[in-house]
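Participant: Chain residues, written in single-letter form:
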Amino acid sequence: MTAAVLEIAGLDIVVDGGRGPTPLVEDVGFSIPAGAAFGLVGESGCGKSITALAVMGLLRTPLRRTRGRIALAGRDIASADAAELRRLRGREVAMIFQEPMTALNPLQTVGRQIAEMFVLHEGARWRDAEDRAVEALRSVRVAAPERRVRDYPHQLSGGMRQRVMIAIALACKPKLLVADEPTTALDVTVQAEIVELMSDLCAARGTAILMISHDLGLVARMCREIAVMYAGRIVEQAAAADLLSHPRHPYTHGLIGALPRLGARAVRGRARLAEITGVVPAPTDRLAGCRFHPRCGRATGHCHTDAPPSKARQEGGIVRCHHDG
Amino acid sequence: MLRLILARLLAMIPTIAGVALIIFVLFSVIPGSFASALMDDGRGAMDPEVAARMRAALGLDDPLIVRFGRYMRQLMTGDLGTSFRTGEPVARLVGQRIGASLELALAAMGFAMLIGIPLGFYAALRPGSLVDTLAMIGAVSGLSLPKFWLGLMLMYLFAVHLQWLPSFGYGGWRHLVLPALALGVSPLALLARTTRASVLDVINADFVRTARSKGMSETRVVTWHVARNALLLVLTTVGLQFGALMGQAVVVEKLFSWPGLGNLLVESVFQRDIPAVQGSILVLVLFFLVINMLVDIAYVLIDPRIAVQAS
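Residue numbers (the working numbering), protein chains in the order written: chain Y, 1 to 325; chain P, 1 to 311.
Keep in mind that the hints were calculated from the coordinates and are not lab data.
The model shown is predicted, which means the values in this text are computed figures rather than measured ones.
Wrong hints could be hidden among the right ones.
[What the hints assert, rightly or not] Reference listing, derived: stretches of chain Y covered by chain P, where coverage requires no fewer than 3 residues with Cβ under 8 angstroms from a Cβ of chain P: (1) 116-126; (2) 250-264.
[Claimed, not checked] Here are a few chain Y residues that face chain P, going by a calculated C-beta distance under 8 angstroms: (3) R86; (4) R89; (5) N105; (6) P106; (7) L107; (8) R150; (9) Y152; (10) L156; (11) M160.
Every residue gets a Cβ at the ideal spot worked out from N, C-alpha and C, and that includes glycine.
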């Protein structure tokens, strides 16, 4: 087995506020082998984006890591100094964000924003870096890249901008690409192109992907392994195929039930899409026991009081539920 | 670009005509005339018949509409009229004063920008720090200090008490320091606050997060990505303040006996020298408009998003 590019263990993140710290992420742990695609799935507010920022070492006040270990390519980022952390970012791990509209500097050409990476990390001169930016743009399948490098972000479509973001992220051939909802803001047809582009490029370069999304279907197509997050905890984690065919956690069950299937109406007739009733509890609620119990059909007495420990699943992976097995 | 400048210049014409109308009506309805101002000035009783003849000679007895028509016709040929008081063309009077006014405004604005913008930047990069708190308290104070009081205090401290600088008058740079300080403090305060707000605004933008994720040092993040975006927002304030500065200078010019447009304006108002008043105000308005046009052009040069719309 190859060494993991990313190892997270026992990660706790809090947000400091007027009434003391509120936990947002609790006891999150997973590891991604070199070159693998790993999916982190969950509803808005479950802590997946904050986990991604922590991986980048980009948590800023009032967010704070209180416990746990994050290691990039074997290097613990907590013990890295500022200069080494900067070298890790961009060279070892790069990130793509959800909003391609605002993630690029509106006053600089996209060519320059790509070229920056070569100047920062490889000490290239601006002129050479800008030549290489053309190649980087060509590699993300942008037509006429030698003209496009001179464009400003507002002249490009959302999909184009996301391609530019990918070009920036992969410029210095990082070992891990963190993609935080990279397709959420895009049209469905463009979504598929971007996902395919990311998968192809990363596979060709041996770059691992941490794909963060609320879309279980999308993640399942792209990733070998999936972790499902709910209210700050990983509730189930398994190989993608196992997770979809044998979900053990009621929440995973609910997510799969909520996936629309093309042609389902012809087979089963007109039916409402299954949904998970209720909403994610706010972190300030400090819900005792299993966080999912208010929305869970199988919840019993001790679900209200005891947080379930993570147990091994029969098919491999882990699950956090009192009723499993 | 050339078309933009031309369009902006043409757009100034109706503005100036409007301003001319307002000033003209305003000074026609206020009580007193040049003739009565001479009498009230204590230069001895004037024969009412002489006063009447003067009014007729200056054309003050004609109906308002006739006088306005005459004035506008003059303006269109570039003639600002003739001063009642000195009999000189107003254009020449204004021309003699505008240099001193520009000098004062430039010095005050330079001082305000040189201190205010870096101060706002520094405060924004360390929000909640001692420097930030002191700078913002200072900025509120700076905005609320009356200029005449500040001028008097500066005069007392540096001219009377320390005797480092002359207390009034026009000459070399030593004469310029105190009036420039008195005039520059409020734009300085406003610029510090605006800069701080825009830097804070930009520093939380998504593209700054992108810049950090690229592995840039915080200094590079600020110089490569924050500075230009933040200064774009500050530019508007600089333009508006600079334009307004010439008008605000009236009090300071009077206080320090600075031979600028403001001083000319005050003297002319007291003497009801209407052509000189109108001429001074029109030039101040023109200055304001030109500065704002330059700001708009600067926007086009800096912000690629605007260039597209203009062409």
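Participant: Tell me the hint numbers this structure goes against, listed in increasing order.
Facilitator: The structure breaks hints 2, 8, 10, 11; every other hint is satisfied.
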